[in-house]
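Construct all of the structure, not just a fragment, from the sequences and the given hints.
Each chain, written out:
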Amino acid sequence: MTAHLELSDVSASFNGFKAVNGLSLKVEKGELRCLIGPNGAGKTTALDLICGKTVPSGGSIRFKGIELGRHDDYQIARSGVGRKFQVPSVFRQLTVRENLEVAYCKRNGVLANLLRWAHSADSDGLDKLAEFVGLSDQLNVPAAHLSHGQTQWLEIALLLAQDAELILLDEPTAGMTVQETQKTADICNRLKGKHTIIVVEHDMGFVKAIGDIISVMHQGKLLAEGPVAEIENNPKVKQVYLGSVGISGA
Amino acid sequence: MMSKRTMRQVFVYGAVCLAIFLLPMLINDDFLLNRFARYLVLAMVSMALALSWGYAGILNLGQAMSFGLGSYCMAMALKLRTIPVHTGSEGLPDFMVWNNVEALPWFWKPFYSMPFAIAAGIIGPMIVSAILAWFMFRGRVTGVYVAIITLATLVVVNLVIIDQQWATGGFNGITDLAQLELFGITFDAYSATTYYLIAICLTVCLFLALAVTKSKAGLILQAIRDQEDRVRFFGYDVALFKTMVFCISAGIAGLAGMLYTIVMEFASPTFLGVQLSLSIVIWCAVGGRQSLVGALLGAILVAGMQGALSESEVFLDTWTLVMGALFVLVVLFLPNGIASLGEKLTEKFGGRRATPEPAKRGNSIARSTKLAEGK
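Those protein sequence lines, which keep their order, are chains P and R.
For reference, each letter of the first sequence is one residue, going 1 to 250 in full-length UniProt numbering.
For reference, each letter of the second sequence is one residue, going 1 to 375 in full-length UniProt numbering.
In case anyone wonders, no lab produced these hints; they're calculated from the structure.
Certain hints may be false.
[To be verified] In silico DSBU-like links for lysine-lysine, alpha-carbon gap of 35 Å or less:
#, chain 1, residue 1, chain 2, residue 2
1, R, LYS109, P, LYS106
2, R, LYS344, P, LYS128
3, P, LYS128, P, LYS221
[Stated by the list, open to error] To be clear about the criterion: a stretch of chain R counts as covered by chain P if any three or more of its residues have a C-beta under 8 Å from a C-beta of chain P, and this derived list gives those stretches:
#, segment
4, 140-146
5, 224-234
6, 301-312
Here a beta-carbon is modelled for each residue, glycine too, at the ideal position from N, C-alpha and C.
Rendered as C-alpha cells:
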C-alpha cells in the first residue's frame, strides 16, 4: 500500500542555497506526524513544498498517489491539502464569520460562487466551529480586532472549516499560553485518524502530547525518525541540538 | 435571507436611485438636465472602479480605456446613421472622405446594426480587459504593477486611436452624430428621455454590482484584497476571480462610455485619456472606494463641483486650488471617503454599532492576560 503522502528525494534551492536537500518522508493516512529540528533545518520549507508555495527543484511529492510537483498551489489545495502559516494569516478586514465562510470551500468555481449569496443557510456549522474555538462572541468582529491568540484560533478554525484531508500546521502554538497549547493539543488529537496531519513545532511538551512518530530534520535532510522516547535518546539528535539537555530543552 | 446590514444598504441604494429618478421633476432646464445626465454617466464609471479597486484591490488606472472603447462603438454606429454632407446618403463618413479613404473599413461595417454596436460596446471592452487581466493575474502581477500596466495599456490604445485618423477621426474624434433611436424612441441629448435612459442603466448596474459584492464570490474577492496568497491555499483560483471582477467592471464602464457618446453627441480620444482615467480614481477615492454608492456620489459631487466652480466668477482662477484642498482634506480625515462619514458620526455620537465592541475586546484582553498569568 502506498503512503498517503510520500516525499522522495525532494530538494528546494534558493539561489543555490539548498534549504531542503534530498528529503524523503512517508506519512500514512490518519497519522499525526511531528516535524522538528533546529532553526534553518528546512521544516517550513518542507511544508511550503508540499502545499505548492515553493516549487521543488528535484524529487517527487506524491499525495494520494498523485504527483503534486506539477500543479499550482490552488490546485494542490483543491486536492485536499490545508495549511496553517507560521505567522497567523487571516483576512483582517473581514469578520470572523466571513473568514470562516471563505474557508468553507466545497465549491471553488467562479460561477458557482457568483450565483450564491454569502451568509447562506448551509454554513450553520460554521457558527459551531466558532464556538468550538471560543470565538462565538466575536462572530461579527473584524479579524483585525482579535488578539494574537484569538487570531491563531481563528486560523485553526479556518482549517477545520476547509476540512482538508491533509493538514499542515506550522508552529500552531506559537504565542499561546499553557492552557491554549493544551487545547490545541486536544484539537490535534481529535483530528488524528480522520485527517492526516503534519505539525512543525518547537514546543517539546506539545510534541509529546500529540506525536506518535517524530521526524527530525537537520540541514535539509531527514536525520532521524521514530517514537518520542527513541528520538530523545538518539545520540545524533542530541548532537544536533548541541546542548546537553537534548531536545527537551530546545 | 438578508442580514441587517444588507437591508440597510439596499435601502440607501434604493433611496439614491429614487432621488436620481425624481430629479428631472425639479429641473426645467434642458441644458442643466444634460449636465446632470453627464454626471450620472461619470458616476457609473466611478462605481465600476469601486467594484474592482475597493472590493478586489485591483487599482485599474486604465478604467477610461473601457469607457472610451464603449464610447467609440456607439459613435461609429451613430455616425453611420447620419447622412454625410459631402457624399449624400450611402456615402462615407465625412472624416474618411477628408482622409481619402475609398471604401468603408471592414470593421465599421457591422456597426450598421445597432444591436451589434450595443453588444460590442459592452462585450468589446470586456474581451480586451479579459485578455489583459489573464496575462496580469496569471502572472501574479499585483499592487502598483497592475496600476502601471493598466495605465500603459490605456496610453497605447489612446495613441493607436489618435494615430489611425483614417478610421477613427484621430484627434478630432467622431463628431456630427445622429440621435440614437431605440424601440421607436429618439434619445435627444437634451431631453428627459436620455436622462431616464441613463438613470435606468445606472440603477441596473448599481444593483448588479451590489449583488456581486453580496455573493460568496464577492466575499472571496474581499478576502483576495486582504490576503491574496491565503485565498489560494483554500483552493480558489485567484486569477479567475480577479479576471471576473475586472471584466464586469469593464463591461459597466463600456456601457457608460456608450451613454456618454449619446449625452455628449461626439466621441473623442480624451474619453480614453490619462486625465479622465485619473479623475475616475479621484472620484472613487473621495466618495469611498469600498462603497459602490459612495464612489457614485463622489463622482457626482466632484465632477459637479468642478463644473460649478470653474464657471463661477469668484473661483474662476482658483477652482483647481479649491478642488485640491478638498482632496487633501478627504485623504487626511476620511481615508475611506465620504461614504465612511456616516459610520464615523455614529461612532462619535454613541452609535450602538461601534461602542460595544471595544468593551468586549477589553474583556478578552483581560481574559488572556489572566491566562498568561496562569490564573
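How the hints compare with the structure:
1. LYS109(R) to LYS106(P): violated (47 Å)
2. LYS344(R) to LYS128(P): Distance of about 33 Å is within 35 Å: holds.
3. LYS128(P) to LYS221(P): The hint is violated at about 41 Å.
4. 140-146: Result for this restraint: violated, n = 0.
5. 224-234: holds (count 9)
6. 301-312: violated (count 0)
In summary, the numbered hints that this structure violates are 1, 3, 4 and 6.
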